[in-house]
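Participant: The residues making up each chain are set out below.
There are 6 protein chains.
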Amino acid sequence: MKMSTRNRLPGIVTEVVKDEVMAKVTLRVGDNHIVALITRESCEELGLEPGKEATALVKATSVMLLTEDGAA
Amino acid sequence: MKMSTRNRLPGIVTEVVKDEVMAKVTLRVGDNHIVALITRESCEELGLEPGKEATALVKATSVMLLTEDGAA
Amino acid sequence: MKMSTRNRLPGIVTEVVKDEVMAKVTLRVGDNHIVALITRESCEELGLEPGKEATALVKATSVMLLTEDGAA
Amino acid sequence: MKMSTRNRLPGIVTEVVKDEVMAKVTLRVGDNHIVALITRESCEELGLEPGKEATALVKATSVMLLTEDGAA
Amino acid sequence: MKMSTRNRLPGIVTEVVKDEVMAKVTLRVGDNHIVALITRESCEELGLEPGKEATALVKATSVMLLTEDGAA
Amino acid sequence: MKMSTRNRLPGIVTEVVKDEVMAKVTLRVGDNHIVALITRESCEELGLEPGKEATALVKATSVMLLTEDGAA
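Chains as they are written, first to last, in UniProt numbering: chain A, 1 to 72; chain B, 1 to 72; chain C, 1 to 72; chain D, 1 to 72; chain E, 1 to 72; chain F, 1 to 72.
Among the clues, some could well be false.
Identical chains share a label here; the pair holds if one copy fits it or two copies do between them.
Unchecked claim - Straight-line C-alpha distance at most 25 angstroms; calculated DSS-like pairs for lysine-lysine:
no. : residue 1 : residue 2
1   : Lys18     : Lys2
2   : Lys52     : Lys18
3   : Lys2      : Lys52
These aren't lab readings, by the way, just hints derived from the structure by calculation.
These numbers come from a predicted model, not from an experiment.
My request is simple: use the sequences and hints to build the entire structure.
Facilitator: Next up, the structure:
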């Protein structure tokens, strides 16, 4: 299987918070944290809970960039 | 300044490819690569070129998750 | 700080509705209303409540356009 | 016709830049400018050119918020 | 009225789940199911409930592609 | 492998248009057409060309809904 999605960040789930409809899942990816808002349904199908390995996927059209002014 | 955007991944620009309208900017973020599709106009305003520091921003609603089946 | 995000609409918060995971924040921006769906966590970190100034940010890839047929 | 899309910003096209695949369309909406990245194909179907009326549509999940720290 | 949004999938609502802020609406579109996460407010304004006709709209920048390796 | 992405629409590529940075790929999915804007790089890695099978993926947060007023 190949996917067009350019960005894949493998990490470990650190927190899951659920509503009736939505779930907020936090991963640790290297030195960063990544937060995903997905359906509660997906969260349960994937068995996401703290300690589980998961990969964050992000389409390139959804990535913005920021620079510090004074920085090189 | 505070932003609602949950995901901020600081990195270094490694490649820039431009069209008339769009620019594809690749960053190295820790052990991963992040690709952003932005306007050429933004790319030039931010002075993005290889070697420059930049931070990738991603809204949590744009993050998907993937798990390997056999994985814990 | 410079951001690639093209669209910035300064306004005033008029309503906040929260769930466990999500918050819906409404701004008045000139003659229009803008609704943002963000995490409850972001909403609380930014101290969003009616009367507070906030700026809506939208990546250009997320904007669609509509025209009226009869219109010039 | 009714649409779930919460955000509709009526304006006037001020600039159109086209590539083979993409078009960047800028609108003036009140005191703000809105940039949309759409297909060239859509741009031509809608007959977008400077002076034409058009409405920008944005799904609420795509809106982020920013506050100035010192601000009330 | 003409819209830049390229993808329109007409279907029938099969399920609606609501939170205070969000609603998850499932449509049957041909042989496929489509899930939309929208505001509860939109869901109620559109009167979405099982059996109602609705069309799913998706901006082309939000579509990813996947291929099976062995496939032609 | 399991993915949180709710919407998967299997189809056949009918057209590919490429720029330096972007590619527009059209699929036939049942009675509908789906257009995806992806990087040219992804398009080439996946070997997308007319006649090839591919599946469109769409995160549920990117789906909007529309109803006809007079309709049931």
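Participant: Indicate which option fits the pair lysine 52, lysine 18 if close means a Cα-Cα distance not exceeding 25 angstroms: within, between, both or neither.
Facilitator: within (16 angstroms within a copy, 28 angstroms between copies)
Participant: Is it within, between, both, or neither for lysine 2 and lysine 52, if the alpha carbons may be no more than 25 angstroms apart?
Facilitator: The answer is both: 23 angstroms in one copy and 13 angstroms across copies each meet 25 angstroms.
Participant: Quick one: lysine 18 to lysine 2, C-alpha cut-off 25 angstroms, is that within a copy, between copies, both, or neither?
Facilitator: Answer is between; shortest inter-copy Cα gap is 19 angstroms, intra-copy 30 angstroms.
Against the hints set out earlier in the document, no violation occurs for any number.
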